[in-house]
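Construct the complete structure from the given sequences, taking the supplied hints into account.
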Amino acid sequence: MKLYRTRQGIVVEDNRTDGPSRFHRAPSDDWDYLVNQDDLFQFLQQEIPSTTASDEYRVWTETQLLPPINQQEIWASGVTYLKSRNARMEESKDAGGGDFYERVYDAERPELFFKSTAARAVGSGDAVRIRKDSTWNVPEPELTLFITSNGKIVGYTVGNDMSSRSIEGENPLYLPQAKTYDGAAAIGPCLYVPEAPISPETMIKIEIRRDGKAVFDESIAINRMKRQHTELVSFLFRETTFPHGCYLMTGTGIVPGDDFTLAVGDEVHITIEGIGTLVNTVQN
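The sequence shown begins at 1 in UniProt numbering and counts up one residue at a time.
Honestly, the hints are just simulated from the structure, not real lab data. There's no promise every hint is true.
Straight-line alpha carbon distances no greater than 20 angstroms define the calculated EDC-like cross-link-like pairs of lysine to aspartate or glutamate that follow [to be verified]: (1) 213 x 133; (2) 226 x 133; (3) 205 x 267; (4) 226 x 99; (5) 152 x 73; (6) 152 x 231.
Cβ-Cβ distance ranges computed for the label pairs, FRET-style [said to hold, decoys possible]: (7) 50 x 258: 52 to 60 angstroms; (8) 42 x 258: 24 to 32 angstroms; (9) 18 x 71: 33 to 41 angstroms; (10) 211 x 109: 22 to 30 angstroms; (11) 20 x 199: 19 to 27 angstroms.
Glycine included, each C-beta is placed from N, C-alpha and C at the ideal position.
Set out below in structure tokens:
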């Protein structure tokens, strides 16, 4: 099942049958209450029969879409794929920080950092931003977990962890400036709520279009990730509480070459099987 947050209210897409999906009004329009259920799939399964289904609600998910977040925070994981480790080492070697990324890739403790408040995040159809003081900018397509306040993974969405490689590469201590700014986090289009954990064979695909033409196109399976989702969550929740639950981006295994940087007007399309496609235009 999928949950959409729209300007008209919350919509549940029930796609459990072989036929076309049915779109229902959610049993509550309180997003924070609704998603923070440790048994979210079972809760929706139980409540949906008593709610109204209408094709009008499907239209809302196409024309009235909001990012699937209200009072939640977005956190992120770094250096969870080998390709990401190699890219971080290369970009920061001149600053003497390359060894840090190699060590954190193999360490027991993962790299976790705060990414965005809801107010700074955008959804599908909205604009992501590149910093005006950055010369090298890339999107980072990431499977993003939704975790309840009790630390249980109950859903997934598509995430774009926008990054300034020039700022982070200058000095690893500049990571908060490279990663956290207005429009640097995009999630959506929905919160995917499956009955069982997402398959490790699931593919993440990104396509960047410039003037209508693809200038970058790559995909990777999430089973290429070094760390387990539950491992990342256990470290995040060690000393931090999230009263309304939180999102956790799980890192990227797709890194454009050193000769690529985003340009104003680019369209970033990130697709994860079973969830959908997050589409954003680049601004500064």
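Now for the hints, and whether the structure bears them out:
For the proposed pair residue 213 and residue 133, the alpha carbon gap of about 27 angstroms is over 20 angstroms, so the pair is violated. The suggested pairing of residue 226 with residue 133 is violated, with an alpha-carbon distance near 33 angstroms, which exceeds 20 angstroms. With a CA separation close to 14 angstroms, the supplied pair residue 205 and residue 267 stays within the 20 angstroms bound. Using a Cα cut-off of 20 angstroms, the hinted pair residue 226 and residue 99 holds, with the two alpha carbons roughly 18 angstroms apart.
The straight-line distance between the Cα atoms of residue 152 and residue 73 is roughly 15 angstroms, inside the 20 angstroms bound, and the hint therefore holds. Taken as a hint, the residue 152 and residue 231 pair is honoured in the structure, with Cα atoms around 12 angstroms apart against an allowance of 20 angstroms. Between residue 50 and residue 258 the CB atoms are about 55 angstroms apart, so this pair conforms to the stated range of 52 to 60 angstroms. Between residue 42 and residue 258 the CB atoms are about 47 angstroms apart, so this pair departs from the stated range of 24 to 32 angstroms.
Evaluation of the 33 to 41 angstroms hint for residue 18 and residue 71 yields a pass: the beta carbon distance comes to about 37 angstroms. One distance hint, 22 to 30 angstroms for the beta-carbon pair residue 211 and residue 109, is violated here, with the actual separation near 43 angstroms. At about 23 angstroms, the beta-carbon gap between residue 20 and residue 199 stays in the expected band of 19 to 27 angstroms.
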